[in-house]
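A.B. asks: Let chain P serve as the given structure and place chain L on it in line with the hints.
Number of protein chains: 2
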Amino acid sequence: MNELQKAICRDGELLPGGVIRVERFLNHRVDTALARQIGQDLADAFRDAQIDCILTVEASGIIFAMTTAMAMGDIPVVIAKKGNRRNLGDDMYTADVFSFTHQTTSTIHVGKRCLEEGQRVLIIDDFLANGEALKGLMSICHQAKCEAVGAGICIEKTFQPGGKLLREAGVQVVSLVKMDRKEDGTMCFVEE
Amino acid sequence: MNELQKAICRDGELLPGGVIRVERFLNHRVDTALARQIGQDLADAFRDAQIDCILTVEASGIIFAMTTAMAMGDIPVVIAKKGNRRNLGDDMYTADVFSFTHQTTSTIHVGKRCLEEGQRVLIIDDFLANGEALKGLMSICHQAKCEAVGAGICIEKTFQPGGKLLREAGVQVVSLVKMDRKEDGTMCFVEE
Numbered sequence: 001m002n003e004l005q006k007a008i009c010r011d012g013e014l015l016p017g018g019v020i021r022v023e024r025f026l027n028h029r030v031d032t033a034l035a036r037q038i039g040q041d042l043a044d045a046f047r048d049a050q051i052d053c054i055l056t057v058e059a060s061g062i063i064f065a066m067t068t069a070m071a072m073g074d075i076p077v078v079i080a081k082k083g084n085r086r087n088l089g090d091d092m093y094t095a096d097v098f099s100f101t102h103q104t105t106s107t108i109h110v111g112k113r114c115l116e117e118g119q120r121v122l123i124i125d126d127f128l129a130n131g132e133a134l135k136g137l138m139s140i141c142h143q144a145k146c147e148a149v150g151a152g153i154c155i156e157k158t159f160q161p162g163g164k165l166l167r168e169a170g171v172q173v174v175s176l177v178k179m180d181r182k183e184d185g186t187m188c189f190v191e192e
Numbered sequence: 001m002n003e004l005q006k007a008i009c010r011d012g013e014l015l016p017g018g019v020i021r022v023e024r025f026l027n028h029r030v031d032t033a034l035a036r037q038i039g040q041d042l043a044d045a046f047r048d049a050q051i052d053c054i055l056t057v058e059a060s061g062i063i064f065a066m067t068t069a070m071a072m073g074d075i076p077v078v079i080a081k082k083g084n085r086r087n088l089g090d091d092m093y094t095a096d097v098f099s100f101t102h103q104t105t106s107t108i109h110v111g112k113r114c115l116e117e118g119q120r121v122l123i124i125d126d127f128l129a130n131g132e133a134l135k136g137l138m139s140i141c142h143q144a145k146c147e148a149v150g151a152g153i154c155i156e157k158t159f160q161p162g163g164k165l166l167r168e169a170g171v172q173v174v175s176l177v178k179m180d181r182k183e184d185g186t187m188c189f190v191e192e
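Chains as they are written, first to last, in our numbering: chain P, 1 to 192; chain L, 1 to 192.
Worth double-checking, as some hints may not be accurate.
Each pair may be met inside one copy or between any two copies, as identical chains are not told apart.
Unchecked claim - Straight-line Cα separation of at most 30 Å, DSS-like style, residue types lysine-lysine; simulated pairs:
1. 182 / 82
2. 182 / 145
3. 82 / 135
4. 112 / 6
5. 178 / 112
6. 82 / 178
Hints in this document: simulated from the structure, not taken from any laboratory.
Only chain P is shown next, with the shape it has when bound in the complex (with noise of 0.2 Å):
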C-alpha cells in the first residue's frame, strides 16, 4: 500500500454516487510530504522515459506537476489555463474540456511561447474519471507536436471511463491510486 492509498485510508472519505472526498489532505489543505511522496512516486513510474517536462491544467493539478517535476531533477512545468486568456494575446494552442459534473464545455489554453515543439511531455493531474482534462492536454501536445509520453494520476476512478479509453489510445497511464465501485455502490480499491 502506497502512502496516498494509506491517506485514504485513514482520512478520505467515500460517499454514494463516487464522491472520493480527500480535500483535508490532498488537493485542498495539502499534506506537504505526501505531495512529495506522490511527486517522487510518479517520477519514479516514468523514470526511464526521458521527460523533457510536465503538463497539467490548473489548479489542483499544479500541486503534484511541481513535485513530480521537482523529483525529475527540476524539469520545466507547463500549467494550461482554463478561461481568461488576458496578457497572454492570441498565439496560444487551445481545446475544449466537457465537464460532466457541470455540464458544460470550457476551454483551456496554452501559450504557444511556453511548450516548445518536438518535447517529450508527462501529463501530471489529480484526477482520472472521464479523462475529458487529459483529452484536452493531449489535444495540445498534439497541436505543439510535442509527444504526450504518457499521463500520471492520483486517484483514477476505474468505474468511469476516462482510463481505460486513454490506454486503449496507446497512452501510457500510471494512476497511484485506482478506485472502483461495487454493486452496492461502496467504493473500494483495485489491486493490481
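C.D. replies: Chain L alone, transformed into the frame defined by chain P:
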C-alpha cells in the same frame, strides 16, 4: 540581485500599462529550479516566524506555496478555492475579492475543516498589486481565528496600493521583487 530579478531581466517583458509578462518562466511555464529558489528565499525571510501553515489562492499561488512549504520542512498548504463550492458542503469560510483587472467581484472559500483554529499562517502569492486577494485571505484567517503572520510575494507592483495598505495595517510583507513605474510609464526595480 536575487534569482527572480535576474530572470525578469533575462526573460521578462515590461509592457505599457504596468503589465509584467513573466509567463515563460514564472506562472504559465514554470522554471522549476527558480520556483524552488523562490520558495527557499521566502522560507528564509520568515525563518523565525514559527509558521504553522501556508495559505494561498488558486491557481498560480499554488506553485510558490508548495515550494515555500517544502523549504519550511513540509508544512501544510491550504488553497483557497474560487467559485464552485461543490463537494465542500456549507461549512466554509468565504471572502469576496474584487478584481480591478476584470472589474468583477468573486468569492473565495476555504473549508472550515481545512484550516484549524489558532494557526500561525503565512500567506503566499505570485503578485501583489491592489492587494484584494491578500485582503480576502486575511479575512479568512481572521474568521478561522488564525494569525496572518505575514505575506510572501514574488512580484509587488509598488505603483499600486496593496503593499502600502497591508504594511500600514501591520502585516509583514516580503516581496522578492518590487517594481515601480516611472513618470514616462516604463518600469524599474525598486532597490532597497
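A.B. asks: All hints are to be evaluated individually against the structure, with a verdict given for each.
C.D. replies: Results of checking the hints against the structure:
1. 182 / 82: Neither way: residue 182 and residue 82 sit 34 Å apart in one copy and 33 Å across, limit 30 Å.
2. 182 / 145: Result: close neither inside a copy nor across copies, 41 Å intra and 42 Å inter.
3. 82 / 135: Result: close both inside a copy and across copies, 15 Å intra and 24 Å inter.
4. 112 / 6: Close across copies (23 Å), not inside one copy (40 Å); limit 30 Å.
5. 178 / 112: between (34 Å within a copy, 28 Å between copies)
6. 82 / 178: Result: close both inside a copy and across copies, 27 Å intra and 28 Å inter.
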